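**Q** Sequence:
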Amino acid sequence: MASTLIRLGAKHDKPVIAEGRLYLGEEAVALNFGAIKPLVDPRRWIQLLALLMAMPMVWGQWHRASAFKAYNQESGLAQNSVTAIQTDSHGFLWFGTQDGLHRFDGKSFELFRPKPGGLNGGFISDLCLDAQQRLWVATLQSGINVYLGEGRFQSWSKENSGLAENRISFLRADPEQGVWVATSHHLQRFDGLQGWEMLRDG
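The opening residue of the sequence shown carries number 0 in numbering that gives the first Met the number 0; numbering runs sequentially from there.
In short, the hints are calculated from the structure, not lab data.
A couple of the hints might just be wrong.
[Stated by the list, open to error] Ranges of calculated distance between the beta carbons of each label pair, as one might list FRET restraints:
(1) G75 with Q140: 16 to 26 angstroms
(2) S80 with E164: 16 to 26 angstroms
(3) R43 with F91: 50 to 60 angstroms
(4) A130 with R43: 20 to 30 angstroms
(5) V81 with Q193: 32 to 42 angstroms
(6) N71 with W44: 18 to 28 angstroms
(7) P115 with M56: 15 to 25 angstroms
(8) H185 with T86: 37 to 47 angstroms
(9) K114 with E196: 27 to 37 angstroms
(10) W44 with S88: 53 to 63 angstroms
(11) I84 with R43: 22 to 32 angstroms
(12) P115 with T82: 52 to 62 angstroms
(13) A49 with S80: 25 to 35 angstroms
Bear in mind the structure is a predicted one, so any value in this text is a computation, not a measurement.
Cβ coordinates follow ideal geometry from the N, Cα and C atoms, glycine included.
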């Protein structure tokens, strides 16, 4: 039962108990004694004690679930400076570093480094997925790659395509199956059919 405020006609210097209620001063019902009884019930104290005893265990489980795990060269990365991160539709995490591209399956890393038919450069500057869920890989010196699967990549550079520069700053895919490429001085769009389109001023 909730306590209510009652104005008494006279000021009392001492607490007054009337009809199961405690009155203090000129206008106050401090407590309804009927409402106090459940708090004194030993079962309530046992429940509270059990809850307090369980708190460290709950905190420990939450702490373990929210703990971070650090990955570095000892864990399998070729280099500790991660420059880009991307998840793919298969649940893999891809990490770009200054010394190659890594695919992480949750347990171990697979490293992709420059080679014929593979990546065209090792300093990865950005990663993105296009509308077909293909992984695009930008490099800082060698152009762009798209992952074809089984360790194979298709590559574009200034030397073998309409790409304006090999120093790629970032990649972004659009819903129309195009990929936008920013370099130090240019913005281009690749759509797969028309090839490279340069964005002009004005």
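**Q** Does each hint hold? Answer for all of them.
**A** Hint check results:
no.	hint	in the structure
1	G75 with Q140: 16 to 26 angstroms	holds (24 angstroms)
2	S80 with E164: 16 to 26 angstroms	holds (22 angstroms)
3	R43 with F91: 50 to 60 angstroms	holds (52 angstroms)
4	A130 with R43: 20 to 30 angstroms	violated (60 angstroms)
5	V81 with Q193: 32 to 42 angstroms	holds (34 angstroms)
6	N71 with W44: 18 to 28 angstroms	violated (50 angstroms)
7	P115 with M56: 15 to 25 angstroms	violated (56 angstroms)
8	H185 with T86: 37 to 47 angstroms	violated (28 angstroms)
9	K114 with E196: 27 to 37 angstroms	holds (30 angstroms)
10	W44 with S88: 53 to 63 angstroms	holds (54 angstroms)
11	I84 with R43: 22 to 32 angstroms	violated (50 angstroms)
12	P115 with T82: 52 to 62 angstroms	violated (24 angstroms)
13	A49 with S80: 25 to 35 angstroms	violated (50 angstroms)
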